[in-house]
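Participant: Chains as they are written, first to last, in numbering that gives the first Met the number 0: chain U, 0 to 139; chain D, 0 to 133.
In short, the hints are calculated from the structure, not lab data. Just so you know, even glycine gets a beta-carbon here, dropped at the ideal spot from N, CA and C. Among the clues, some could well be false.
Unchecked claim - In silico EDC-like cross-links for lysine to aspartate or glutamate, where the CA-CA straight-line distance does not exceed 16 Å:
1. 62(U) to 38(D)
2. 78(D) to 60(U)
3. 78(D) to 129(D)
4. 43(D) to 60(U)
5. 62(U) to 112(D)
Said to hold, decoys possible - The following label-pair restraints were derived from C-beta to C-beta distances:
6. 117(U) to 105(D): 31 to 37 Å
7. 95(U) to 127(D): 22 to 28 Å
8. 127(D) to 30(U): 38 to 44 Å
9. 112(D) to 65(U): 38 to 44 Å
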Amino acid sequence: MSGSDGCEWEFPVEWSKARDFARAVHDGAWDDRNPVPSPTFPAYITSDFVERLVVDDLNLDLKRTLHGEQEYEYLRPLRIGARLRCRARIVEDYVKEGRRGGKMRFVVCETEMCDAETGEVILRERSTSIETAPGEGKVA
Amino acid sequence: MNAVREGDGGPAFSVGPLTRTDFVRYAGASGDFNPIHHDEPFAKSAGLPSVMAHGMLSAGILASFVTQWFGAGCVRRYKVRFRERVWPGDVLSAEGRVVHVRGDGDQRRAELELVLKRQDGVAVVSGIAEVTLQ
Numbered sequence: 000m001s002g003s004d005g006c007e008w009e010f011p012v013e014w015s016k017a018r019d020f021a022r023a024v025h026d027g028a029w030d031d032r033n034p035v036p037s038p039t040f041p042a043y044i045t046s047d048f049v050e051r052l053v054v055d056d057l058n059l060d061l062k063r064t065l066h067g068e069q070e071y072e073y074l075r076p077l078r079i080g081a082r083l084r085c086r087a088r089i090v091e092d093y094v095k096e097g098r099r100g101g102k103m104r105f106v107v108c109e110t111e112m113c114d115a116e117t118g119e120v121i122l123r124e125r126s127t128s129i130e131t132a133p134g135e136g137k138v139a
Numbered sequence: 000m001n002a003v004r005e006g007d008g009g010p011a012f013s014v015g016p017l018t019r020t021d022f023v024r025y026a027g028a029s030g031d032f033n034p035i036h037h038d039e040p041f042a043k044s045a046g047l048p049s050v051m052a053h054g055m056l057s058a059g060i061l062a063s064f065v066t067q068w069f070g071a072g073c074v075r076r077y078k079v080r081f082r083e084r085v086w087p088g089d090v091l092s093a094e095g096r097v098v099h100v101r102g103d104g105d106q107r108r109a110e111l112e113l114v115l116k117r118q119d120g121v122a123v124v125s126g127i128a129e130v131t132l133q
C-alpha cells in the first residue's frame, strides 16, 4: 500500500486477480474474452486497509466483530487495467445499547475510488462493522 | 432487456453445499484473512461451532445472481445487510424481484429487491440493487 497517510493509496485492477475473485463468488458472467470485475471485487481493493483499521487502529475484537452492511455505488464502470486512487475514511464511529444490554460499537468506513489519471470518481464503497458486547458474540 | 417489467423474478440460482475450501478460496481472492473464516480452533475459541463464511462471500454470491440475470457490468448500486451466519454444508439460493423500472434508452434502470436464503429458508443476506438495462 502506498500513499501519504495510509488512508490513500493507488491500486491497479488486474485481470488475473479479478478472475480469481469472480471464481470465488461463483460469478458465471465472467468472460475471459470480455472480463468485467464482479460487483463486490472492490472488497479486495480495500482489504489491507480494513484489516489494519480493524485490528491495529480501532482495536476491535475479531471474536465478536460482525459485518453489518456493505454498499457499492458505481458512477462509472470499473475496468480491468484501470489504476485507481483510493481514499478511505471513517464516517461514523458510535456506541449503542444492545438489545440484551451491553454496548455495541458501530464503525462505518467509506472508500472512494477514482481513476488515478483523470480523477473521475468510479465508485464508492461503504462498510459497517459492529463490535458486539463481550459475551454477546452470538448475534448474527 | 426491454422486456423487463416490475414484478419480474430472476433465474434459478443456488450455490453449495459450501465447503471450508470455498471459504479459503474467498479468503485468498478477497484478501480477508480474518481467522474466524478458516482457523477452526480460533473459531471455537470465539464460541462458534466451526468456521463460518465471510459475509462478503454471501454478498458476492448474491451479486453473481444479479450479473447472471442482467449481465456483467450491469450493477450501478448494490447494498446488502448481513442477517445470519453461513456455515460449511449450507446451500444458498438467491431470489430477486424487479420493484421499479425507469428511464429510457441507455438510461434505463431497474431497481431490485434481493434475498439470499439458506436451505432451511432463513434469509442470510438481504439487499437492493440498481442495474442498467441494455
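Participant: Could you run down the list of hints and mark each one as holding or not?
Facilitator: Cross-check of the supplied hints:
1. Our distance criterion of 16 Å between C-alpha atoms is met by residue 62(U) and residue 38(D), whose separation comes to about 12 Å.
2. Our distance criterion of 16 Å between C-alpha atoms is broken by residue 78(D) and residue 60(U), whose separation comes to about 25 Å.
3. Using a Cα cut-off of 16 Å, the hinted pair residue 78(D) and residue 129(D) holds, with the two alpha carbons roughly 9 Å apart.
4. For the given pair, residue 43(D) sits about 15 Å from residue 60(U) by alpha-carbon distance, which is consistent with the 16 Å threshold.
5. Taking the CA atoms of residue 62(U) and residue 112(D), the gap is about 31 Å. The hint is violated against a cut of 16 Å.
6. Checking the proposed 31 to 37 Å range against residue 117(U) and residue 105(D) shows it is violated: the Cβ atoms sit about 21 Å from each other.
7. Distance hint for residue 95(U) and residue 127(D): a CB-CB separation of about 24 Å, consistent with the stated range 22 to 28 Å.
8. Evaluation of the 38 to 44 Å hint for residue 127(D) and residue 30(U) yields a failure: the beta carbon distance comes to about 26 Å.
9. The hinted window of 38 to 44 Å between residue 112(D) and residue 65(U) is violated, with their beta carbons roughly 23 Å apart.
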